[in-house]
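Novice: Put together the whole structure using the sequences plus the hints.
There are 2 protein chains.
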Amino acid sequence: MSDQHNQTRRQLIKGLGITGVAMAAAPALAASPSAEQGFDREYDIIIIGSGFAGLAAGIEAKRKGFKKVVILEKMPTIGGNSAINGGLFAAPNTEMQRRDGVTDSVEAMVQDQLAAGRGIADETLLRHVAEHANEALELCIEAGAEFHPYLQQLGGHSVPRTYQTSVSCGAGITQPLLKLARKEGVEVITRANFLNFVTDAKGGVAGIEVEHGYYYERKLAEGKRERLKAGKGVIVATGGFAQNVPLRQSQDPTLTDEIGSTNMKGATGEAMLQMFRLGGVPVHLAHIQSGPWASPDEGGFGYVSNYCIFNFPHSMAVNRATGRRFMNEIADRKTRADAIIENRDAQGEAQPPLLITSYEQANKHPNCAKVLRYNVGWKFDTLEELADHFGTPKDALKAQLAEYNGYIEAGEDKQFGKIIADSNRIKVEAPFMVVRLWPKVHYCQGGVQITPDAEVIDSLTGAPIPGLFAAGEVAGGIHGVSRLGSCSIPECMVMGMTAARTLASRKA
Amino acid sequence: MSDQHNQTRRQLIKGLGITGVAMAAAPALAASPSAEQGFDREYDIIIIGSGFAGLAAGIEAKRKGFKKVVILEKMPTIGGNSAINGGLFAAPNTEMQRRDGVTDSVEAMVQDQLAAGRGIADETLLRHVAEHANEALELCIEAGAEFHPYLQQLGGHSVPRTYQTSVSCGAGITQPLLKLARKEGVEVITRANFLNFVTDAKGGVAGIEVEHGYYYERKLAEGKRERLKAGKGVIVATGGFAQNVPLRQSQDPTLTDEIGSTNMKGATGEAMLQMFRLGGVPVHLAHIQSGPWASPDEGGFGYVSNYCIFNFPHSMAVNRATGRRFMNEIADRKTRADAIIENRDAQGEAQPPLLITSYEQANKHPNCAKVLRYNVGWKFDTLEELADHFGTPKDALKAQLAEYNGYIEAGEDKQFGKIIADSNRIKVEAPFMVVRLWPKVHYCQGGVQITPDAEVIDSLTGAPIPGLFAAGEVAGGIHGVSRLGSCSIPECMVMGMTAARTLASRKA
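Residue numbers (this note's numbering), protein chains in the order written: chain A, 165 to 672; chain B, 165 to 672.
You may find that some hints are simply not true.
As the list makes no split between identical chains, a pair holds if one copy fits it or if it spans any two.
[To be verified] Pairs of lysine-lysine residues, derived as DSBU-like cross-links and limited to a Cα-Cα distance of at most 35 Å, are as follows:
id: 1; residue 1: Lys671; residue 2: Lys393
id: 2; residue 1: Lys543; residue 2: Lys388
id: 3; residue 1: Lys366; residue 2: Lys393
id: 4; residue 1: Lys393; residue 2: Lys591
id: 5; residue 1: Lys591; residue 2: Lys388
id: 6; residue 1: Lys429; residue 2: Lys232
id: 7; residue 1: Lys534; residue 2: Lys388
I should point out that these hints are in silico values taken from the structure, not numbers from a laboratory.
Specialist: What follows is the structure, encoded as structure tokens:
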């Protein structure tokens, strides 16, 4: 196993499993098809993408009285990337916060996110989402979503404000929302691949062109094509482009196809690119977030990611060669990802650092058993065994552990300023659990610019493009340089609901 | 004058003179006009923009044998933003480096730029430009451009490799290039406002739509419209979007219309936005550079900017309230701009720091007299007078000056690691010159993605868009997070020449 841990960076990254796909299947079109050519089918609202944003938009559209609402999903299953995310949901002023006596506010949540955004987040959008986050959470609960009975305090958040689905993944929300959407009368079609917008004479969006019977793996562009009319509007909720390797490399040449991603393969961003062709403003595409909780020992999001998110507050991350801490374990994602990739040997090869947790604590997370079973994390009875296994200097590690536990006892981390909430004053003690850390491409902060009404702005006129709305990860600029964990689900759902409400407000 | 220096940040920024323009005049078009509608006029190559990139492209196109080459400029004067830049030109292995015995290489120049680019610069493009930079410099000299007889070492460069025009501004290059372009037979038309691309049936660029007789100040969109055919291709060389306030704010909400810019008013980026509508890939738009050498006491690029660029290597920058240095005076631009805006009082109001130089040295730059005449810099016989004037603590300032001069003597800056070249071992001594520093929006690292052949890539297919080329600041991704000073002119000229050469190589 020691050999396994000494693999070079290149091997390490090659072995991560999921690699990006080369290029989108849709052909380049000089101009959008025109509405004058007629339609095969008519809807009031067409929603592209079946993740958190699309499902919330669909439910809200029906509840606002729209008759024909359809959600199109290019993949064979519903939920997109949302279904495989961590199921973490941040909201202020929630029921569990009241129960636990946590003092929180919309403003506190906005300020935490602004700090992570490093000066370029969109404060108006952040406030709009934070104001409606609890409402979206309650929609999940109404739909039947179940949550762990405890709050978590994720990196960059000043208080515990994060719910997590009891299945510890996003499907714990997308499945109930799907059921509710169908009950409300939303039509949902899978293997329906968005090709292009259909525009009217004034440049507004009148509908879309879609390919039915699409098989992602086979890259078929031969399915049945239809032109669908959107009488009221199109809501794009297609997520990010973490799996579009040429596009992410155009923004960051280091994000080659050797770098893993937590995203499902369909996250390739074609609808976003088509919005740019209509005049949508590209915002912050260069800000691509890597998850600091990922493991180099498994593919994709895996089991370790959620395990780490849960355990970071009461764990110690150390450099394997020195045995010393190198970061605040609950700093924001970018700060941690940047710190983790500094762990290299003299030749510059990756040396994934170790996250050390008391087994007793670690095992409180449901993934702990799976982490052990799949050999992507290891249990040690003593610190000596642990140090031997990873070739870490024993005395240094022992000293670091004593120092860290001293900070926990004192309630103040003098090394890296980690916030030690009362609920997290937990020392790291034997027996120990260890996982290795190396970031994976996780989230695209960039996308198309939207207003707080979820409208897409024309880059030349500054006015909304008629009939076009966007919500969720496909929208850019909300979070700035770095999104805080558990702030994506509220954003997706609130902006999806907002798009439907904006359309409803214009119906009259 | 003390009152003047105590103005609040808001006042300070409001007073900068040039503010951004609201929005581009061109109407939003759902689709590009089609070539089937015919043309009013025919060219081989249409070049949009008359700065360094456009002029170099025009000259090279004629020299490669193209018959009808036209440069279109929307403003009433030639040269665009290039004409008012600092006229600084970096190249490795130049004649002045040989004369001075400076050891330099293409690789060294590339490595310096990669460091400033913070991991996301385009190494292939940087190398292509560095390899051809000296050739572009020699074209300037052939055209009649005159340069100061000394090399400068700008921030972030590891050796002196920067030429500067003897008039210390870009017009010292654009004027000779314009003369040469006309001599070679390039047609040049001012007040010709690019509106849109004309595409052929396959989505390639067949020509453009232009408005003649355009008056920027009056925002007329009523001039005579023509459709111009580009038989071989269109080269977009329109520069950045530093003066497009809504667009720059979409990327960075803090860059409001209260923030000054060094750019001429026409730098609003419409042609870049139209390229995105054709499918060009937006790259790094969020990376907008502020010039760390700008003064809050004058509008635009002014006199102080060039004065500072020349003087930084042998000057000391200090916080006004503490008298202490706060940065390496020749770090890269982003490092310095970030450090400068940290100079604030307890209320967060801007406290522009002071750049202190020996008058004897400062006066070697031609702008020194103008800086004094226009009251945007001040001369003091003693350090006491200087400290009194700005309310800076005398003892601290005196101690800092002695410390700094000690580093100069020793050849090593133990405070901030400033590289002290032998030619810059110059102490700061009485009488003193002082200017104040506050960054201004200067350069857009972002733009449209190009290949090393200056082709524009289609975001969906990854293939070049037929007939479309881009060069200069309008292209994005080359420099990454931060461009080094004096690397813009070589980039613009080399990529302009490259676009013409790519077209020529396909003629056969």
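Novice: Determine for every hint whether it applies to the structure shown.
Specialist: Hint by hint, here is what the structure shows:
{"no.": "1", "hint": "Lys671 <-> Lys393", "in the structure": "within (17 Å within a copy, 44 Å between copies)"}
{"no.": "2", "hint": "Lys543 <-> Lys388", "in the structure": "neither (53 Å within a copy, 77 Å between copies)"}
{"no.": "3", "hint": "Lys366 <-> Lys393", "in the structure": "both (16 Å within a copy, 25 Å between copies)"}
{"no.": "4", "hint": "Lys393 <-> Lys591", "in the structure": "neither (60 Å within a copy, 73 Å between copies)"}
{"no.": "5", "hint": "Lys591 <-> Lys388", "in the structure": "neither (60 Å within a copy, 76 Å between copies)"}
{"no.": "6", "hint": "Lys429 <-> Lys232", "in the structure": "within (30 Å within a copy, 48 Å between copies)"}
{"no.": "7", "hint": "Lys534 <-> Lys388", "in the structure": "neither (42 Å within a copy, 71 Å between copies)"}
In this structure, the hints that do not hold are numbers 2, 4, 5, 7, in rising order.
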